[in-house]
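If you want the building blocks of each chain, they are given just below.
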Amino acid sequence: MNDISQVITQDTKRIKKLKKTKSFAIPYLVWMGIFLVVPMLILIFLAFTTYDFSQNSEVHFTLSNWAYVFNSRYAVTVFWPSVFRSFYVSFIVTLICLVIGYPVAYLMSKLKAKYRALIMIFLSLPLWCNQVLRIISWRTIFEILGLNYNEFYIFNIIVAMVSMYLPFMILPIYTVLEKLDKRVIEASYDLGCSKIQSFFKVTLPLSLGGIVSGVIMTFLPSLTSFEVSDAVSYNTVLLLGNLIHARFHGTGGYNIGSVFSIITIVFTVVGFILVLKVDKEGETLI
Amino acid sequence: MKKKSVFDYLSIIFIVFAFVIIYAPIILIFIMSFTSTYSLSEIGTGFTFKWYESLFTSNYERLSIASKYIANIDSLKIAILNTFFITILSTIISTFFGTLFAIGIHSLNKKKRTAFMVLNNMPIVNPDIVTGFLLLLIFVLLQTLIGLERGWFTVLIAHIFFSIPYVVLSVLPRLNQIDPNTYEAARDLGCTRFGAVFKAIIPSITTGIVSGAMFAFTMSIDDFVITMFVSGTEFYNVSTWIDSAMRRGFIPKSVYAYNLIIFLIASIVVQMNNFLQTNKKRKIEVVQE
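Here the protein sequences come in this chain order: V and Y.
Here my numbering is used: position 194 in the first sequence is 194, and no number is missing along the way.
Here my numbering is used: position 147 in the second sequence is 1147, and no number is missing along the way.
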């Protein structure tokens, strides 16, 4: 008896030793620590001080950066209008993408495998076309169509953003719908659901994960994009992204830039938690 | 045959609309790259190949391109080479490490794995502008600490940073499919730790690795925002170069030509990949039958 238990403990020890691929994950932790966690700490540090890297100035803790952003002439004339404009634009962009994207993803999932692959390719190919050039091309298209940037700037920005981010709405929804077990839908028919009832009671709730991912992947980029409004409106319309972008050139701008970034990260974290709720492994993110 | 309902027609309209709005700028880039004039009213007239030729020659006289554009085209060529350099290197490095990290994460217990995935997915969900700003901050810190100048090296690190999560996400599902005993069997048969990984695990997850590499390549070749933050003042890739050209108010047509070449190559590669994979699937099906 003793011998056997010894053999077993030896065996489990050996197996534990064999499972050493775990150690491959440790360098990743270090890497992420350096390039994700440390910068976050710097960000928080900069947001609450007036420290300037280029001058290596003294460290004074202060809330003045926050006061400047939220409660000053700048806040009234620039910050709040830009934030509201940003939310307005990205809300509409996300809504349009969802209204167009869901039916497209749904139809794709109903097609034969051959056509599905073809449409997938057509959706992912635009990623190979330079995004900056695509935005500039939209500017040209608006000029050709006579949509003057002084009058139609919001419309133009929305159209260009929908064009940029629509694939990011379609792909996650499609990923979920494709994996959906067809027997569940058949079962709902058997239990007396009509086609429309079955869609709202079965398909839609089961594809919620894709919808959440798609909404986040569309809403966040459009909330923080600066190149679209810069190009389409010839630098005349400010969105949240433009505020961050502007801070990165100016002197001492990193402190205010950090405040903006923290605000953006708060939105991101909210979105991220929503995604985690519906998709733990991040399957719908790619 | 079922009768087509209003719903079917509506759905066709949606698909057409989606494709029009996604492809409109690409069609315009296509037209622009073959148009000789810059005037918008004459768009589509004056067919020419000279913007394509200008990318492959240093003898611009024959193409009758005005001298003030030539400096532009020369700097574009440098930006193109920079882009290839960064993209190829970052793809190779991030695919290699991303795969190893994925193997590591896969062998963790469930709780730790979820924690790792949260960390892994953070750069994907984070808007580019925030990732760019965060990386800029660490590079500024490194500059004050060890004098690291921003340039090709910081851009390369940044590209590796945002590519690895995509590789991990592509490889992990494949790892879930393979037999967990493969690695142990290889160790039992005398492989070293790395030997077992490369001989037993890697061959069975190649499709995941290839799609991860494709992701890394796609993200890197087209990146604009993050590169702009970390590249300093001297180093340009194509995207940041186009942006600075736009801010100067003049975009040379050669860049449209470059972009279309890349687009066509990508289409062919993606098509071929798709073709190979469906062929493989068919073969497997035949064998199984």
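Hints are supplied without guarantee of correctness; some may be wrong.
Calculated pairs, EDC-like style, for lysine to aspartate or glutamate (alpha carbon to alpha carbon, straight line, at most 20 Å) [to be verified]:
#1 V/LYS110 / V/GLU178
#2 V/LYS22 / Y/ASP1188
#3 Y/LYS1110 / Y/ASP1179
#4 V/LYS22 / Y/ASP1179
#5 V/LYS22 / Y/ASP1008
#6 V/LYS112 / Y/ASP1008
#7 V/LYS201 / V/ASP190
#8 V/LYS195 / Y/GLU1184
#9 V/LYS110 / Y/ASP1008
Keep in mind the hints are simulated off the structure, nothing from the lab.
Hint by hint, here is what the structure shows:
1. Note on V/LYS110 and V/GLU178: the hinted pairing holds, with a Cα-Cα distance of about 8 Å set against a maximum of 20 Å.
2. For the hint pairing V/LYS22 with Y/ASP1188, the CA-to-CA distance comes to about 18 Å; that is within 20 Å, so the pair holds.
3. About 17 Å separates the Cα atoms of Y/LYS1110 and Y/ASP1179, which keeps this hinted pair within 20 Å; it holds.
4. A hinted pair counts as satisfied when its Cα atoms are at most 20 Å apart, and V/LYS22 with Y/ASP1179 qualifies at roughly 17 Å.
5. Our distance criterion of 20 Å between C-alpha atoms is broken by V/LYS22 and Y/ASP1008, whose separation comes to about 51 Å.
6. About 16 Å separates the Cα atoms of V/LYS112 and Y/ASP1008, which keeps this hinted pair within 20 Å; it holds.
7. Taken as a hint, the V/LYS201 and V/ASP190 pair is honoured in the structure, with Cα atoms around 14 Å apart against an allowance of 20 Å.
8. A C-alpha spacing of about 50 Å is found between V/LYS195 and Y/GLU1184, which places the hinted pair above 20 Å, so the restraint is violated.
9. Among the hinted pairs, V/LYS110 with Y/ASP1008 is consistent with the structure: their alpha-carbon atoms are about 12 Å apart, no more than 20 Å.
This entry does not satisfy hints 5 and 8, going by the numbered hints stated previously.
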